[in-house]
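There are 2 protein chains.
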Amino acid sequence: MTQYEDCIIFLLAKAYQKAHANFKGRLLTHGLTPVQHLILEAVWEDEGISAGDIGKKLVLDNATLSGVLDRMAERGWIFKATDESDKRFIRIYLTDKAKEMKPLLIEERKRANEEILGGLTLEEKVVLKRLLRDIQH
Amino acid sequence: MTQYEDCIIFLLAKAYQKAHANFKGRLLTHGLTPVQHLILEAVWEDEGISAGDIGKKLVLDNATLSGVLDRMAERGWIFKATDESDKRFIRIYLTDKAKEMKPLLIEERKRANEEILGGLTLEEKVVLKRLLRDIQH
DNA sequence: TCAAAACCTTTCGTATACATAATATTATCG
DNA sequence: CGATAATATTATGTATACGAAAGGTTTTGA
Numbered sequence: 226m227t228q229y230e231d232c233i234i235f236l237l238a239k240a241y242q243k244a245h246a247n248f249k250g251r252l253l254t255h256g257l258t259p260v261q262h263l264i265l266e267a268v269w270e271d272e273g274i275s276a277g278d279i280g281k282k283l284v285l286d287n288a289t290l291s292g293v294l295d296r297m298a299e300r301g302w303i304f305k306a307t308d309e310s311d312k313r314f315i316r317i318y319l320t321d322k323a324k325e326m327k328p329l330l331i332e333e334r335k336r337a338n339e340e341i342l343g344g345l346t347l348e349e350k351v352v353l354k355r356l357l358r359d360i361q362h
Numbered sequence: 226m227t228q229y230e231d232c233i234i235f236l237l238a239k240a241y242q243k244a245h246a247n248f249k250g251r252l253l254t255h256g257l258t259p260v261q262h263l264i265l266e267a268v269w270e271d272e273g274i275s276a277g278d279i280g281k282k283l284v285l286d287n288a289t290l291s292g293v294l295d296r297m298a299e300r301g302w303i304f305k306a307t308d309e310s311d312k313r314f315i316r317i318y319l320t321d322k323a324k325e326m327k328p329l330l331i332e333e334r335k336r337a338n339e340e341i342l343g344g345l346t347l348e349e350k351v352v353l354k355r356l357l358r359d360i361q362h
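Taken in order, these protein sequences are the chains called L and C.
So in our numbering, spot 6 of the first sequence is number 231, and the numbers just go up one at a time.
So in our numbering, spot 56 of the second sequence is number 281, and the numbers just go up one at a time.
There's no promise every hint is true.
The list makes no distinction among identical chains, and a pair is therefore deemed to hold if it is satisfied within one copy or across any two copies.
Capping the alpha-carbon separation at 27 angstroms, the derived lysine-lysine pairs in DSSO-like fashion look like this [unchecked claim]: (1) LYS282 with LYS243; (2) LYS354 with LYS243; (3) LYS305 with LYS354; (4) LYS249 with LYS281; (5) LYS322 with LYS282; (6) LYS312 with LYS335.
For the record, the hints were derived by calculation from the structure and aren't laboratory data.
Sequences and hints are given; from them, build the entire structure.
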């Protein structure tokens, strides 16, 4: 085994690359990217959430988020509205399209997860998820 | 737990994000990025390797690689030379700087790995790496 | 041998990702 | 009350990442 093949950064990068590509392919027909899907989940959970809070929740940089939200608004997934009581905040709301598509999109994510983890036993899945959470803290 | 927090794509993305940021910070003073470090490893292992073979080895897109190699050449880590016997190939060679820095850079990667996996037992490290390899195939 | 296929790399367009600076709004404190 | 600090978002610049198209080079096969 080469040096880099035992490197955790490399292993994480390539596993993520694979998982991301799987999900990206599934979302392609819906005109959505994996990160955009993730943002929809945050807004499904808490409509009217501020841009900054989406970033905190999903651990996404504000600068990154700004562009993603613009593209999502352009394509009719969300719309932005300035909070009237504190104009520093931009609040994010779902379009009808985003509400209608929710069940289908959740299903796509579920299938991607099953395919990515398909070769693992239930116990292995639980362990992998726990370890991935561990190394984040 | 929210829906997305149990999603393997999200967990991989965030674990990778964390690991990548750690290594990126360590390499900053050397003027190198994690991907550039990875490419150096491929060339340390096989000097004169073609651009395409680096991509195959490291699972990097050719389009991505092209830009990374340009920046590395600009900054004096590598140089490119067209293969005279088959001019379709570009072969990649190390500069003296890349050779001299090798021990130090390998050490940085080692430390990043230790810090990222610091909270895990030896057994957990082995299991995590195995599972990450599993989901790539 | 020469046109087509195969191969290698680069270019272009789009999408994250993040550091830093700039801008706007609100809160705070002397 | 007004300067300043704190907060939220956006703009800019750099670095991956990848699909698709374009441009060379070499091999193949009729």
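Notebook entry, point to check: For which of the previously enumerated hints does the structure constitute a violation, in increasing order of number?
Noted result: 3, 6
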